[in-house]
Amino acid sequence: QKEVEQDPGPLSVPEGAIVSLNCTYSNSAFQYFMWYRQYSRKGPELLMYTYSSGNKEDGRFTAQVDKSSKYISLFIRDSQPSDSATYLCATHLPGGYQKVTFGTGTKLQVIP
Amino acid sequence: GAVVSQHPSWVICKSGTSVKIECRSLDFQATTMFWYRQFPKQSLMLMATSNEGSKATYEQGVEKDKFLINHASLTLSTLTVTSAHPEDSSFYICSAPWTSGRANTQYFGPGTRLTVL
Numbered sequence: 477q478k479e480v481e482q483d484p485g486p487l488s489v490p491e492g493a494i495v496s497l498n499c500t501y502s503n504s505a506f507q508y509f510m511w512y513r514q515y516s517r518k519g520p521e522l523l524m525y526t527y528s529s530g531n532k533e534d535g536r537f538t539a540q541v542d543k544s545s546k547y548i549s550l551f552i553r554d555s556q557p558s559d560s561a562t563y564l565c566a567t568h569l570p571g572g573y574q575k576v577t578f579g580t581g582t583k584l585q586v587i588p
Numbered sequence: 048g049a050v051v052s053q054h055p056s057w058v059i060c061k062s063g064t065s066v067k068i069e070c071r072s073l074d075f076q077a078t079t080m081f082w083y084r085q086f087p088k089q090s091l092m093l094m095a096t097s098n099e100g101s102k103a104t105y106e107q108g109v110e111k112d113k114f115l116i117n118h119a120s121l122t123l124s125t126l127t128v129t130s131a132h133p134e135d136s137s138f139y140i141c142s143a144p145w146t147s148g149r150a151n152t153q154y155f156g157p158g159t160r161l162t163v164l
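Chains as they are written, first to last, in our numbering: chain A, 477 to 588; chain B, 48 to 164.
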């Protein structure tokens with residue numbers, strides 16, 4: 477079993493739709509959770525960062541962590557064509573220099 | 048957010064040559080950096096952890112003599128692909144951890160695309 481599972485998609489939605497991206501993880505010791513956006517041929521860009529359970533909102537993006545079910549989500553409201561990219565969930569153990577474990581990434585396409 | 052740069056952004060080389068890729072943290076110090084490779088339509092695979100002042104730690108299956116890592120300073124790590132072959136063609140990305148208060152995350156460089164002919 478992979479430590480972080482993520483549906484690779486692709487996921488196609490019309491412009492303006494609410495997008496839900498999800499991951500599950502297996503190690504209950506993970507406490508830090510991130511979502512990265514990666515455009516083609518570019519390095520990952522940090523979108524959201526959360527610590528432990530709860531919600532965090534930043535503009536059109538909301539990250540949600542449910543540690544009881546080991547489930548992490550990213551919601552994108554009013555999706556735009558510029559949101560078309562691959563979204564990677566990631567997590568790591570406590571500590572300053574821990575290795576990050578990534579999901580496989582979900583490719584999202586927002587159709588105008 | 049913190050900024051990490053990589054140089055070059057792309058490189059094409061002949062089989063058998065060596066290629067050096069630089070990773071710099073521009074506005075913060077990083078005693079540790081990470082090197083990843085990414086094949087098309089796949090996720091990032093951690094290759095090694097670069098440590099300033101000590102040897103790098105390699106992931107299982109990564110040849111340390113082929114992928115030489117040097118963490119020369121608190122803002123610079125280099126990855127040298129020695130005797131490159133076509134199967135080494137990939138997208139190489141570095142990252143550096145950044146901590147502020149309880150925030151603890153990593154910032155990535157823009158990546159280096161290596162093509163070995």
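In case anyone wonders, no lab produced these hints; they're calculated from the structure.
Hints are supplied without guarantee of correctness; some may be wrong.
Pulled a few chain B residues facing chain A out of the computed Cβ check, cut under 8 Å [claimed, not checked]:
no., residue
1, L73
2, L93
3, P157
Just a few of them, taken from the derived set where beta-carbon distance is under 7 Å, the chain A residues facing chain B [unchecked claim]:
no., residue
4, K478
5, G492
6, P520
7, M524
8, Y525
9, R553
10, V576
11, F578
12, T580
13, G581
In silico EDC-like pairs for lysine to aspartate or glutamate, Cα to Cα no more than 16 Å straight-line [what the hints assert, rightly or not]:
no., chain 1, residue 1, chain 2, residue 2
14, A, K575, B, E106
15, B, K113, B, E99
16, A, K546, A, E533
17, B, K88, A, E479
18, B, K67, B, D135
19, A, K543, A, E479
Every residue gets a Cβ at the ideal spot worked out from N, C-alpha and C, and that includes glycine.
Hints versus structure:
no. : hint            : verdict
1   : L73             : violated (14 Å)
2   : L93             : holds (6 Å)
3   : P157            : holds (4 Å)
4   : K478            : violated (10 Å)
5   : G492            : violated (27 Å)
6   : P520            : holds (5 Å)
7   : M524            : violated (10 Å)
8   : Y525            : holds (5 Å)
9   : R553            : violated (22 Å)
10  : V576            : holds (6 Å)
11  : F578            : holds (5 Å)
12  : T580            : holds (5 Å)
13  : G581            : holds (5 Å)
14  : A/K575 x B/E106 : holds (11 Å)
15  : B/K113 x B/E99  : violated (20 Å)
16  : A/K546 x A/E533 : violated (19 Å)
17  : B/K88 x A/E479  : violated (19 Å)
18  : B/K67 x B/D135  : holds (13 Å)
19  : A/K543 x A/E479 : holds (14 Å)
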